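J.: Each protein sequence line maps, in turn, to chains A and B.
Residues in the first sequence are numbered consecutively from 1, following the UniProt record's numbering.
Residues in the second sequence are numbered consecutively from 1, following the UniProt record's numbering.
Note that these hints are calculated values from the structure, not bench results.
Fair warning: there could be bad hints in the mix.
Below, computed lysine-lysine pairings styled on DSSO-like, alpha-carbon distance capped at 27 Å [to be verified]: (1) A:K26 / B:K234; (2) A:K26 / B:K26; (3) A:K169 / B:K26; (4) B:K26 / A:K234.
Negatives, chain B to chain A, calculated, CB over 12 Å [claimed, not checked]: (5) V97; (6) G145; (7) A231.
Across the chosen pairs, the derived CB separations fall in these ranges [said to hold, decoys possible]: (8) B:T167 / A:T10: 34 to 44 Å; (9) B:P173 / A:L111: 38 to 48 Å; (10) B:D87 / A:V53: 26 to 36 Å; (11) B:D87 / A:L244: 24 to 34 Å; (12) B:R245 / A:P101: 26 to 36 Å; (13) A:N62 / B:E180: 33 to 43 Å.
Quick caveat, the model's predicted, so the values are computed rather than measured.
Just so it is clear, CB atoms sit at the ideal spot from N, CA and C, and this is done for glycine as well.
There are 2 protein chains.
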Amino acid sequence: MSGNTGEAVTAAVLVIGDEILSGRTKDRNIGYIAEYLTGLGIELREARIVPDVLGEIAAAVNALRERYDYLFTTGGIGPTHDDITADGMGLAFGLPVSHHPDAVEILKSHLGDRLNEARLRMARMPEGAELVRNPVSNAPGFRIGNVFVMAGIPSVMQGMLDEIAPTLKTGQPYLVDAIEGDGVKEGDIGGPLGEIQRAFPGVMIGSYPRSRDGSFTTTIVLRSRSAEDLAAAKARVTQLLGELRPTGSRS
Amino acid sequence: MSGNTGEAVTAAVLVIGDEILSGRTKDRNIGYIAEYLTGLGIELREARIVPDVLGEIAAAVNALRERYDYLFTTGGIGPTHDDITADGMGLAFGLPVSHHPDAVEILKSHLGDRLNEARLRMARMPEGAELVRNPVSNAPGFRIGNVFVMAGIPSVMQGMLDEIAPTLKTGQPYLVDAIEGDGVKEGDIGGPLGEIQRAFPGVMIGSYPRSRDGSFTTTIVLRSRSAEDLAAAKARVTQLLGELRPTGSRS
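Bound conformation, chain A alone (with noise of 0.2 Å):
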């Protein structure tokens, strides 16, 4: 990573695709982002979901580069005439959009005579824009000031995301640790949590239910930048927790 800066590193999600929105692409890269993201100390902000509508992207990658560090993008960089994203990155950016010189010469390389004006169209970029490798399938992704523009595809996408990583600057991740209430619920122990993280400002305390064989159960999750902090509230909640943990059948 190009540096560990005590501030927050912010970012967002942009996912561009009307199969998405129709349900019948399940999402998995946001999920997958935001998890990585967290492991390098960057916090994710807000994630979109847009269809392939050019003022649609345009809107939403400007509402959101201007607002975070960084702004991460998947889907629609392919060879079909609905993969539009690199249009709607020149939009926003007000870029003349042309073959990348570098790409073309990457696709003519791995596809000899299979490259068609089809798959020229995936080395469309705005001018200006920088390469992502792309390890798993070589049409390469680009970054275009504080955007990353990665494929649909989960392990494309996942590949990208690994080249760009290093070039990251990140910030002090969060410690982070979870307590399983084991059959608390939620309603239980709302009270005295709360008092808990008043008493903690620097220790972000969330409380996530769900349901289990039926019944109802919750993880409570410490966030903080302070390691003494965290160990004094994780004491506190599993005292609680303790206290209120069901010994029998009560549901």
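Since the structure of chain A is provided, determine the placement of chain B on it from the hints.
T.: The following block gives chain B in isolation, referenced to the frame of chain A:
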């Protein structure tokens, strides 16, 4: 459904929760709602994920509710301190938030003496909100204006969505057909597929590539409100794919 008009009915989804943006919890609600709305003939046009921050929730709610016929939110309506969606809605609509008497009654009747101050938080709603019944775990969601506020736990959200569906106006559903490329690559089909798209402006033709056993293939999805156009476009795509399907080991 209360109506089936010829015009498009549009919607957005807003997922609220730090745990989704940290990657700790993987969202499963957007994909479910997307597919559900498509089945009703309602077009999901945008989705966003925002953190548990009042101003962020309110800004996203206002951006989305003004632009689309419906907004569906998930998350942040539980009993703990980090459940602030009701306050976010109050801020967005400029309405005070208080305990809804009917919601208090529901909680009382199901929880009895387990109804503490934390659980009572689940009855807080902006003034004028109407309850959305929760057939799974009782604590209701609510509707305010064109916004439906639902739980984040998938099973609970799904139960609420079933309650909401009969109250929605619905559009004419798209007819959908999908043709498997069986090893045809996007780059081989891209040129002629674009020609077919231009010949059938009333059909939306999407190409959705994926990796399969280390190689790539694509699925062509056609959508139209005209059965005739859909059949004609499908015939052209089927012919094209038949010409291009690999017969040997070409990779």
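J.: Does each hint fit the structure? Answer for all of them.
T.: A quick look at each hint next to the structure:
Between A:K26 and B:K234 the CA atoms are separated by roughly 24 Å; this keeps the pair inside 27 Å, and the hint holds. This hinted pair checks out: A:K26 and B:K26 have alpha carbons roughly 12 Å apart, not beyond 27 Å. Note on A:K169 and B:K26: the hinted pairing holds, with a Cα-Cα distance of about 25 Å set against a maximum of 27 Å. Using a Cα cut-off of 27 Å, the hinted pair B:K26 and A:K234 holds, with the two alpha carbons roughly 24 Å apart.
For B:V97, the non-interface assignment is confirmed: its Cβ lies about 17 Å from the closest Cβ of chain A, beyond the 12 Å cut-off. Every CB of chain A is more than 12 Å from the CB of B:G145 (nearest about 22 Å), matching its label as outside the interface. Distance to chain A confirms B:A231 as a non-interface residue, since its nearest Cβ pair spans about 20 Å, more than 12 Å. Between B:T167 and A:T10 the C-beta distance comes to about 38 Å, which sits within the given range of 34 to 44 Å.
Checked against the hint of 38 to 48 Å, the pair B:P173 and A:L111 passes, with Cβ atoms roughly 40 Å apart. Range check, B:D87 to A:V53: about 33 Å between beta-carbon atoms, so the 26 to 36 Å window is met. A hinted range of 24 to 34 Å for the beta carbons of B:D87 and A:L244 is consistent with their spacing of about 26 Å. Judged by the Cβ atoms, the range 26 to 36 Å given for B:R245 and A:P101 holds: they are separated by roughly 33 Å.
Between A:N62 and B:E180 the beta carbons are some 37 Å apart, a value that agrees with the proposed interval 33 to 43 Å.
Every hint from the earlier list agrees with this structure, and none is contradicted.
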